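Asks: Let the sequences and hints guide you as you build the complete structure.
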Amino acid sequence: MKSIPKRTLTFIDSWLTLRSRWARWPGFTVAIAKDGEVVFNKAYGLANIEHNETLTTDHLFHVASHSKTFTATAVMQLQERGKLRIDDLVTAHLPWLAQHSDQRWRDVTLRQLLSHSAGVIRDGQASGFWQFQGAFPDENEFKQQIMQSQLVFEPNSEFKYSNFGFGLLGLVIEQASGKSYADVVTENIIMPLDLKQTATEYSPELYMATGYGRFDLRQQRRPFQHITTGVLQPATGFCSTAHDLVKFFAALQVGSGKLLSDASKREIQRPSWQVADDVNAGNYGLGLDVEKAKNGKWLIGHSGGCPGFISNTCLQLDDGITVSVLANAYDTVPGIVTNSILGIIDQFGDASDKNRSKFEARFANDYGVYEVVDTAKGLRGLWSNDWRPFNMAEELEIVDDATLKIAKSSHFSYFGELMKYEFDDKNKPSAMYRSGAKSYVSQDGDVRL
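In numbering that gives the first Met the number 0, the protein residues as written are 0 to 448.
These are computed hints drawn from the structure, not numbers from a lab. Since the model is a prediction, treat every value here as computed from it, not as a measurement. Among the hints, a few may not be true.
No more than 20 angstroms apart at the CA atoms, straight line, and that leaves these computed lysine to aspartate or glutamate pairs for DMTMM-like [said to hold, decoys possible]:
hint : residue 1 : residue 2
1    : 357       : 400
2    : 357       : 399
3    : 425       : 317
4    : 291       : 317
5    : 142       : 186
6    : 33        : 49
7    : 257       : 153
8    : 293       : 266
9    : 178       : 138
10   : 357       : 266
11   : 404       : 421
12   : 195       : 173
Cβ pair distances, simulated, as ranges [stated by the list, open to error]:
hint : residue 1 : residue 2 : range
13   : 190       : 317       : 19 to 25 angstroms
14   : 160       : 411       : 35 to 41 angstroms
15   : 56        : 190       : 18 to 24 angstroms
16   : 317       : 153       : 33 to 39 angstroms
17   : 443       : 221       : 24 to 30 angstroms
18   : 219       : 275       : 24 to 30 angstroms
19   : 1         : 272       : 42 to 48 angstroms
20   : 191       : 296       : 25 to 31 angstroms
21   : 215       : 318       : 19 to 25 angstroms
22   : 423       : 291       : 25 to 31 angstroms
23   : 413       : 155       : 37 to 43 angstroms
24   : 219       : 84        : 47 to 53 angstroms
25   : 2         : 443       : 28 to 34 angstroms
Every residue gets a Cβ at the ideal spot worked out from N, C-alpha and C, and that includes glycine.
Replies: Here you go:
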């Protein structure tokens, strides 16, 4: 695919607008890039519920574990400059770790920290900071907790996600470079990519969206205060926008000529560990989630979650398409949205047909929102008020100028039956009869009789 057709982006915007009105998320932003060029950047909903503040694409979000990909990139840059090797022992850069009572620490490598296979405790022994039960650890507190913690598993024996492991990598970066972690990332990643809306840590002057908790039993959300992450900045401290994140992850595409050599990019994108028996089954490289999608295309990226914010960014390597979705509430599913957007782009393809496009319309009834769209493989019927709009897509065939046949569908549905259209005086769809039941055209998904 040379470019993403305008009609595809128009549908994505229309679908996201629909979902923003029905999904009960406070707000979310979405950006899409093709071969490094940002082609879509939109915001939906509210940045702050209490003040009815409209969310914009300039609002920053806490993007949490996206920070790990920045950290992994910084480590690989230092390797390319001869400052370290990713197969170095951690104790070669942090000698104080050699005094640990658990002698297995002496065998831990930077690669194992990058791939979450060192067996390091996830969040230390006092992780209440995730629930505002104390501050994130500073360097001294962090070192004390590390020295008091045994490894949970033998190094290089299992995948075990660890924020503390990436906290150690931040200290390694400072030791190897002679600079602060923030300066290293700013000088070598943020500034070269002109990421004007990215910071390694929250500060009050940033133009932030407000983060919210889940709905309580009164159907209300509690606004959360912003966090600062101390020594865990390399694991979870970053604040950014969807626009900046698609630029950053697009730069990790082999052949982009940005940030790292192609050899280093292949190194971090290579699956190091496969997690099969888990709700989050997938692969992990070095600071990157790595996944083979159902259509056979490879994805890299990262997700993020912290009080009030959930985020996800994916780069589809085969087509050079990057998608980022950031939401300002904890009970949201940006990862599903990024995958659905990639699926929509794939389904729509490059083709459209004028004979088919006359049937495109969004209909509403008491059961939901049904939408007919023209895709590369023909007309499809979607239940589009869902984060997975193509999940139960029906194949539709043209019978005549006002009739479609449901050619493929669930055998429990209206498989094989007809859909009859009514058109207005401009020959635009106004209503549709599905097995005799009437649905009306409705852009916002509401029923108007």
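Asks: Tell me the hint numbers this structure goes against, listed in increasing order.
Replies: 3, 5, 6, 7, 8, 10, 12, 13, 18, 19, 21, 22, 23
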